[in-house]
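Using the hints provided, position chain L relative to the given structure of chain A.
Take a look at the letters that make up each chain.
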Amino acid sequence: VNGADVIALLPIIVVAGVPVLVMLTTAVRRSHAFTLGLTLAGLGAAFRCTWLAGSVEPRQATALLTIDNYSLFYFRLLIAAVFAVAILTYDYLSKRDLHREELYILLLVATVGAMVLVASSHFASFFLGLETLSISLYAMIAYLRMSRPLEAGIKYLVLAAASAAFLLFGMALVYADLGTMEFARMSQMLQGTRDGTLLTAGMALIITGIGFKLALVPFHLWTPDVYEGAPAPVTAFIATVSKGAMFALLLRYFYSAGGIAERHIVLVFTIVAIGSMIAGNLLALLQDNVKRILAYSSIAHMGYLLVAFLVSGQFAVEAVTFYLVAYFVTTLGAFGIISVMSSANGEPEEMEDYRGLFWQRPSLAGVFTAMLLSLAGIPMTAGFIGKFYIVAAGASSARWALIIILVVSSVIGLFYYLRLVAMMYATADAQPTTIAVRATSMGGVVLATLTGLLLWLGVYPNPILHMIQNVFPK
Amino acid sequence: MILIWLIAILLIGGAVAWVLGRWSTPATRWIALAATSADFVITLVIWLRHYGRLSIVSRGNWLDQFDWDWIPRFGIHFHLALDGLSLLLLMLTFFLGIVSVLVSWAEIQNAVGFFHLNLLWVLAGMTGVFLALDLFLFYFAWELMLVPMYFLIALWGHERRQYASVKFFIFTQLSGLLMLIAILALYFAHQAATGVYTFEYEELLSTPLSSTAAWWIMLGFFVAFAVKLPVVPVHTWLPDAHTEAPTAGSVVLAGLLLKTGAYGLLRFVVPLFPNSAHQFAPIAMILAVIGILYGGVLAFGQTDFKRLVAYTSVSHLGFVLLGIFAWNELALQGAVVTMIAHGISTGALFVIAGLLQDRMHTRDMSRMSGLWSTVPRLSGAALFFALGSLGLPGLGDFVGEFLVLLGTYRVSRVLTILATIGVLVATFYALRLVQRAFHGANVHEWHLPDLVKREVLILSPMIVVLLWLGLYPLPVLRTFKPAMRSLQQYASRPIAEAK
Chain A
1 VNGADVIALL
11 PIIVVAGVPV
21 LVMLTTAVRR
31 SHAFTLGLTL
41 AGLGAAFRCT
51 WLAGSVEPRQ
61 ATALLTIDNY
71 SLFYFRLLIA
81 AVFAVAILTY
91 DYLSKRDLHR
101 EELYILLLVA
111 TVGAMVLVAS
121 SHFASFFLGL
131 ETLSISLYAM
141 IAYLRMSRPL
151 EAGIKYLVLA
161 AASAAFLLFG
171 MALVYADLGT
181 MEFARMSQML
191 QGTRDGTLLT
201 AGMALIITGI
211 GFKLALVPFH
221 LWTPDVYEGA
231 PAPVTAFIAT
241 VSKGAMFALL
251 LRYFYSAGGI
261 AERHIVLVFT
271 IVAIGSMIAG
281 NLLALLQDNV
291 KRILAYSSIA
301 HMGYLLVAFL
311 VSGQFAVEAV
321 TFYLVAYFVT
331 TLGAFGIISV
341 MSSANGEPEE
351 MEDYRGLFWQ
361 RPSLAGVFTA
371 MLLSLAGIPM
381 TAGFIGKFYI
391 VAAGASSARW
401 ALIIILVVSS
411 VIGLFYYLRL
421 VAMMYATADA
431 QPTTIAVRAT
441 SMGGVVLATL
451 TGLLLWLGVY
461 PNPILHMIQN
471 VFPK
Chain L
475 MILIWLIAIL
485 LIGGAVAWVL
495 GRWSTPATRW
505 IALAATSADF
515 VITLVIWLRH
525 YGRLSIVSRG
535 NWLDQFDWDW
545 IPRFGIHFHL
555 ALDGLSLLLL
565 MLTFFLGIVS
575 VLVSWAEIQN
585 AVGFFHLNLL
595 WVLAGMTGVF
605 LALDLFLFYF
615 AWELMLVPMY
625 FLIALWGHER
635 RQYASVKFFI
645 FTQLSGLLML
655 IAILALYFAH
665 QAATGVYTFE
675 YEELLSTPLS
685 STAAWWIMLG
695 FFVAFAVKLP
705 VVPVHTWLPD
715 AHTEAPTAGS
725 VVLAGLLLKT
735 GAYGLLRFVV
745 PLFPNSAHQF
755 APIAMILAVI
765 GILYGGVLAF
775 GQTDFKRLVA
785 YTSVSHLGFV
795 LLGIFAWNEL
805 ALQGAVVTMI
815 AHGISTGALF
825 VIAGLLQDRM
835 HTRDMSRMSG
845 LWSTVPRLSG
855 AALFFALGSL
865 GLPGLGDFVG
875 EFLVLLGTYR
885 VSRVLTILAT
895 IGVLVATFYA
905 LRLVQRAFHG
915 ANVHEWHLPD
925 LVKREVLILS
935 PMIVVLLWLG
945 LYPLPVLRTF
955 KPAMRSLQQY
965 ASRPIAEAK
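For the record, the sequence lines run as chains A and L. When we follow the working numbering, the leftmost residue of the first sequence carries the number 1, and every step to the right adds one. When we follow the working numbering, the leftmost residue of the second sequence carries the number 475, and every step to the right adds one.
Isolated chain A (complex conformation):
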């Protein structure tokens, strides 16, 4: 490890250092506001460091991590998302009486895991990143220590541990066959002809592990329960940072280690994509709980992303990256609303809680409407350009069947988004929403910023398009 490596890894190092500081200061004196400030300052510093790291990119820092444009872009995306999540967490925890500071430590550690995932070019860092992320998440999900969060946390623990075992086994099989754990070497090894049984089995197990993390059908069963049970800001974190980092890794792994060209792999991913799009949207129709609806909708969105992933090549990376940016903004906004509207007694989870929201809190209802329309892919929102990108990617390689399934399933999705929208605008002739809505100014600022971003990306996406144009995993 030399100086340039350290500079390249600086963003990760900074984010890893902050939780240590938070731990030390908390040991001296507990202060919620100070902890938040420290967290945000650390994230800001790390964000700044990504440009410093940019001066030495592309660089293979140790055998484990690749710092290239692609990693750096995703670093920025993840850090920005965690920044928003941290503020929402502050807003959320302020209303509750419990030890608050530890959640920030967990949040930052989980972020380190996510960043390692994004940069990893080796099975070892892949697995380490994944576990760092997962183990912090167990505690984050169960943080409120009430029955439902605990149930969700344990469910996630059991299933994530099982899927990690699958993943590890898959890696072992691939290693047994190819004799290397580096992605770059794998693609060279794959050039020669070989009996692929061991490799195929290994790949299948790895896909299982990744599929679990991304909540793709048929590995999606944990999603609604965990989304429902976890505190809203943590759910936002799972939906964005955890899944986004995993998707970034999926792209890097399959594009740089090869394998996306394999017929079986394409077939498997096609089936998984179709299943996720259809099942996600259909199952969401049956729900009355907003967090569960968003959980199923996220399954469908991962399916859409797979459509672009299957196209492969530069266009696919762009489409996936843009879609993830749009999805991050939208999902953070949606869970941000739930988080801001929550009180010490609970979160507004049921559809009924939103009845007539527009007539009482028009700005909150407006933001939520914008987020839902973005999820549905309506123009002037980021989701529209994202969906356009994905359909364009599919069309560019003439995957008509997949695109038509995407279109039909997204129209099914409209039903539940509209149901929620209609609920917010229903005239509340009965009683108003039961939950006292009081957004602190910080939560409000986050929501306003996200809405602004949403519209900006939807109307004038040029700057971000420019940014992602040379983002490609090495």
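One should not assume that every hint holds.
[Claimed, not checked] Each pair of labels, with its calculated beta carbon distance range:
1. A:L286 x L:L948: 55 to 61 Å
2. A:Y460 x L:L948: 25 to 31 Å
3. A:I404 x L:L922: 48 to 54 Å
4. A:L286 x L:W942: 54 to 60 Å
5. A:S94 x L:L518: 43 to 49 Å
6. L:Q753 x A:H264: 37 to 43 Å
7. L:M475 x A:H466: 58 to 64 Å
8. L:R928 x A:S94: 37 to 43 Å
9. L:E677 x A:L286: 45 to 51 Å
10. A:V20 x L:E677: 56 to 62 Å
11. L:T499 x A:L286: 39 to 45 Å
12. A:R30 x L:E581: 55 to 61 Å
[Claimed, not checked] Here chain A is said to cover these stretches of chain L; the calculated rule only asks that three of the stretch's residues, wherever they fall, bring their Cβ under 8 Å from a Cβ of chain A:
13. 624-633
14. 652-660
It is worth saying that the hints were derived from the structure and are not from the lab. Since the model is a prediction, treat every value here as computed from it, not as a measurement. Cβ coordinates follow ideal geometry from the N, Cα and C atoms, glycine included.
Same frame as chain A, now just chain L:
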């Protein structure tokens, strides 16, 4: 530059109206009225200025253009252009926009600011649709109309507004996405042939396509436009949406939204895919005749005033479809005149339905009878527009439908005869409407206030325009003639066919 103002005035006006709505309801209404009137005046001035020079026929003769590099990554331009056809439809848009604002003056009493935001933004979306020359921009504007329209129905509609608004949204969204796929297919086909990524209409015209590809892409466009038009198997959203929408919503839906479908067929389907459209024409024309007859017969069977008028739209727009796919000069002229006349006469009938509902709190015609004795002026206006709808010579609808029938006669006699039966059916439903609601004895003993000044102000210009279209349609024909010529030129260009 003026073109972008047409859209911007509506968008900004809507936003201002919304903000003002918190403090002052009348201010909101005046702002909305000012925005729509300003746009109407602008288009009127453009029309008068260019009227003398309209007959110059050249390829792509645009009266005005605006072009801005919007998203260079995909070769997307913010390209607006105005020709005679767009101009007429824009004038109709802003005219009915003013009508919609005025008609909501007393009807809409809650969330007035938000209502006008939605109303003006629907109109802005339509303006975009009628002006866009970039297919991405077209799709963008096309979808942009959807959300505000949804809100108009869902928030201020009648009893079954939830059902109707969701149905409307789903139908149009699904068909819109099919169009998006078709647009992208065309985009990539153009790139494969020429190496240039562009959504530009005039460049895409020269895309060489294999006949199978052209057929499928054409179908993708056709389905989207057919849902809006509506063509019979996909029309079921229309009666619900029109019936449940507030009056302004019904006026915008019937008067304008349906026209975007017809405009799409005229501007895109036939010129972009002339051969496939020609092959498809018999099917489309049969669907059109089915629509004419089916809509007419169903209208005859309705007891709900608004539902009856909604079904007459299915019938009238059948003539438009028939005219477009007959694709000769007379039929096309007829189609455009029908579009405009139908916008006025059906829009007016919905206004009347709204006025009646305001007074009687019902749309059920079995509860209306002999209204003439209590609201003579309103009944007279209703009779006038009902006669317009049945195609009485001297009023706009007659000119349009007659030209369509003349043009279609050259293509298919059987279909012309069947469509003419549709005109006959129109007589039945229109007269039945007048007879049941306004004639006879006032058995329910209604005592209602007759038209007030504002309502007279809404209806009398509509009467004048309809008479003008019926008696002296020449200025209108002259205005869109060059535009139609260039569309026909596009459609008859030699087609390079890909293998």
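How the hints compare with the structure:
1. For the pair A:L286 and L:L948, the beta carbons lie near 60 Å from each other, so the given range of 55 to 61 Å is met.
2. Hint check: A:Y460 to L:L948, Cβ distance near 44 Å, so the stated range 25 to 31 Å is violated.
3. Look at A:I404 against L:L922: about 53 Å separates their beta carbons, and that is inside 48 to 54 Å.
4. Checked against the given bound of 54 to 60 Å, the beta carbons of A:L286 and L:W942, roughly 56 Å apart, stay inside it.
5. In this structure the hint that A:S94 and L:L518 lie 43 to 49 Å apart at CB is violated, the actual value being about 58 Å.
6. Take L:Q753 and A:H264: their Cβ atoms lie about 41 Å apart, and the range 37 to 43 Å holds.
7. Between L:M475 and A:H466 the C-beta distance comes to about 27 Å, which lies outside the given range of 58 to 64 Å.
8. The hinted range of 37 to 43 Å is not satisfied by L:R928 and A:S94, whose Cβ atoms lie roughly 53 Å apart.
9. Roughly 47 Å separates the CB atoms of L:E677 and A:L286, a value that falls within the hinted 45 to 51 Å.
10. Taken as a hint, the range 56 to 62 Å holds for the pair A:V20 and L:E677, whose Cβ atoms sit roughly 59 Å apart.
11. For the pair L:T499 and A:L286, the beta carbons lie near 41 Å from each other, so the given range of 39 to 45 Å is met.
12. The hint said 55 to 61 Å for the Cβ distance between A:R30 and L:E581, and at roughly 59 Å that hint holds.
13. Remark: the stretch 624-633 of chain L is confirmed as covered by chain A, as 4 of its residues place a Cβ nearer than 8 Å to a Cβ of that chain, reaching the required three.
14. Proximity of the stretch 652-660 of chain L to chain A, defined as three or more residues with a beta carbon under 8 Å from a beta carbon of that chain, is established by the 5 residues found.
Taken one by one, the earlier hints fail for this structure at numbers 2, 5, 7, 8, listed in ascending order.
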